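With chain A fixed as given, assemble chain B onto it according to the hints.
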Amino acid sequence: MTALPATSEAGARVPMGASLRPLLRLVIPALLVVGAYAFMGPEQFVNAMTRGAIYALIALGYTMVYGIIELINFAHGDMFMMGAFVSLTFLGQILGLTGSITEIAKLAPLLVAAFFISMIVMGAVGVTIERLAYKPLRAAPRLAPLITAIGVSFILQNIVMLKYGPYQTNSPKIFPSVDIVIGTAKIPALSLFIIVVAVVMMIALQLFIGRTRLGRAMRSTAADRDAAQLMGVNINRTIAITFLIGAALAGAAGVVNGLQYGVSRFDDGFQAGLKAFTAAVLGGIGNTVGAALGGFIIGFIEVGATVMGFSRWGPAIVFGTLVIVLVFRPSGLLGQQLGERA
Amino acid sequence: MSENPLDNEPILVAEGVSRRFGGLVAVNTVDFTIPERAIVSLIGPNGAGKTTFFNVLLGVIDPTAGSVVFRGRRMIARPERVGFESLLWVLPAVLLGLLSGLLAEAGIVSGRLVALLGFLTLMLLVGSLLLAIIRPVWYSTALERIGIFRSARPNDMVTAGVGRTFQNIRLFQNMTAIENVLVGMHTQLHGNLLEAFLQTPRVKAEEKAAERRADDLLTLVGLHGKGNEGARNLPYGDQRRLEIARALAANPKLLLLDEPAAGMNPKETLDLVALISKLRDDLGLTILLIEHDMKVVMGISDRVTVLDHGEKIAEGTPEQVRKDPRVIEAYLGAPAA
Chain A
0 MTALPATSEA GARVPMGASL RPLLRLVIPA LLVVGAYAFM GPEQFVNAMT RGAIYALIAL
60 GYTMVYGIIE LINFAHGDMF MMGAFVSLTF LGQILGLTGS ITEIAKLAPL LVAAFFISMI
120 VMGAVGVTIE RLAYKPLRAA PRLAPLITAI GVSFILQNIV MLKYGPYQTN SPKIFPSVDI
180 VIGTAKIPAL SLFIIVVAVV MMIALQLFIG RTRLGRAMRS TAADRDAAQL MGVNINRTIA
240 ITFLIGAALA GAAGVVNGLQ YGVSRFDDGF QAGLKAFTAA VLGGIGNTVG AALGGFIIGF
300 IEVGATVMGF SRWGPAIVFG TLVIVLVFRP SGLLGQQLGE RA
Chain B
0 MSENPLDNEP ILVAEGVSRR FGGLVAVNTV DFTIPERAIV SLIGPNGAGK TTFFNVLLGV
60 IDPTAGSVVF RGRRMIARPE RVGFESLLWV LPAVLLGLLS GLLAEAGIVS GRLVALLGFL
120 TLMLLVGSLL LAIIRPVWYS TALERIGIFR SARPNDMVTA GVGRTFQNIR LFQNMTAIEN
180 VLVGMHTQLH GNLLEAFLQT PRVKAEEKAA ERRADDLLTL VGLHGKGNEG ARNLPYGDQR
240 RLEIARALAA NPKLLLLDEP AAGMNPKETL DLVALISKLR DDLGLTILLI EHDMKVVMGI
300 SDRVTVLDHG EKIAEGTPEQ VRKDPRVIEA YLGAPAA
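Those protein sequences? They're chains A and B, same order as listed. Residues in the first sequence are numbered consecutively from 0, following numbering that gives the first Met the number 0. Residues in the second sequence are numbered consecutively from 0, following numbering that gives the first Met the number 0.
These are computed hints drawn from the structure, not numbers from a lab. Careful, some of the hints might be misleading.
Calculated from the model, a selection of chain A residues having no Cβ within reach of chain B, i.e. all distances over 10 Å [to be verified]:
1. A29
2. G34
3. V177
4. K185
5. D223
6. D225
7. G231
8. Q270
9. P329
What follows is a list of derived Cβ distance ranges for each label pair [as the list claims (entries may be wrong)]:
10. R73(B) with A143(A): 33 to 39 Å
11. V195(A) with H291(B): 34 to 40 Å
12. R328(A) with L94(B): 48 to 54 Å
13. A143(A) with A114(B): 33 to 39 Å
14. L90(B) with L25(A): 53 to 59 Å
15. A139(A) with R72(B): 29 to 35 Å
16. Y166(A) with N227(B): 52 to 58 Å
17. T97(A) with G117(B): 28 to 34 Å
18. I27(A) with P200(B): 53 to 59 Å
As the structure is a computational prediction, the values presented were derived from the model and not from experiment. Just so you know, even glycine gets a beta-carbon here, dropped at the ideal spot from N, CA and C.
This is chain A alone, in the form it adopts within the complex (with noise of 0.2 Å):
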């Protein structure tokens, strides 16, 4: 990791310099929170806090996937639109719900069974498409695998044009869209219930990665497969179970995108997923603090560069800002945690 420049060239200066450092890392980001908060206002800074939790959770599948294999999963913007369209066929089309459901008795369940449903089914995708397009390319160069995750992008693309055809289709939108007002600033309670829910998944998460026995399996694979085998790991087993988490955060994503923009189409995927992978490389790609602090930031670069009013220069400041920090930083904010191979 590499050091920030010193703070003075004067001798005498330099140890209260050094014991300023962790100060400054804390400060710094503080200050530019507060300062985006004072720039944009209340309501806009949730707005970006609710676009950045969507590209967060989309970001750690694809930066656990590139920390135990060293695949940039193409597909794995595709999974986040799957899931969506697993979600609006469970609310609009089997359970025909079209409206808001203002009852929270009624409004609860059916969104635990909504994100259940989405997540169980796209980690069960995500296992499969492991096992078929990926597993019998593990001993290949890494371009093949890449090529492959191309193609499953096209076939997930595909399959989902396939059923609900070229146009975007209508997710119903239960959530009911109540504001709560704080002050004069009126705040949807949606957008909080996503921030909620984003960060209780990324809790879950690390926590899961750092304190139990399959996690410590999937950073030892990470950092050494062949000796986490010899270990006793279950290499597949461990693969099998990243694909599984990080699918399944990519369907929760989609449902969450489906409750607040209402509509999904079938190259939804695309774009999220480009902006998505741009955050895990920004946070430092196989670091899944870095991914959804990646995911964070580019929610804010966007919707601050709407209220500057170029909001058609949105993804360019965003691809931007990702070339600026490579420059400076070539892997990423926080650098490898999940994988480390010197």
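Structure of chain B alone, referenced to chain A:
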């Protein structure tokens, strides 16, 4: 020691093991048994095939001939008819899927039948997949019953009771010492995905017990109180000890040590010899040692086997091996110290 451990029942029997890489025969029909609770050593000049043989025993590479029986069960042999595995379920699933798709396109049969076919396809695919992932042992036993034999993978060997350390240190550098030991305990713990997310009491208790046991193991190898240090920050000798602790965590019956004394200073080597004896005497482990340091080999081995050019050229007590003219010629060159 009152009785000779070489008279014990064998824990591992390798028969006629060969491995060739193209034209090179790295290991040539080697017979090798390890009696229970014995310390046996494998020596030989560089390129003699020691590490290849070791890797065959561990399931890292398949032998081209011969078999390895561990605790009475055939674990490793030449693969038989593995190509048929995909014919069993992948190909039928693909064919069934294509067939139902074609039938639907042509409109020959009713939609219900096509749906049924599609469903069967899916069940075949998903069912086999899940079985292979969730219960690999059942899956491979089922395969073995119909004549498809695949050697045990390294993780299966660990489950069966073989632990190892590496010639070059291969700790998980970015994890702490205790986490390394906990990874070694992987096969001993049972928490699954669902339990991990729900944090059931069973899984919590299991984690607690695991941490306690990991602490004990660290104490055993002399790393007491260093559990929370990053593996990469430990001194070299400690990293070697940590590797042993990690291997012990899987509760092995047989411990394979690949040049454990490499790069150690004389004091560290002495400590290591004491530790290896302790592992056998106190924990009842069987130990197979690959080592270049003759002081270690001659000091603690019950039996020494010498490989040269992939063939076993001598076997016996350290005394016998030391005097064997073929060994002196092939390996020791000048008389050993």
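Which numbered hints are broken by the structure, listed smallest first? Of the numbered hints given earlier, those the structure breaks are 5, 6, 7, 11 and 18, listed in rising order.
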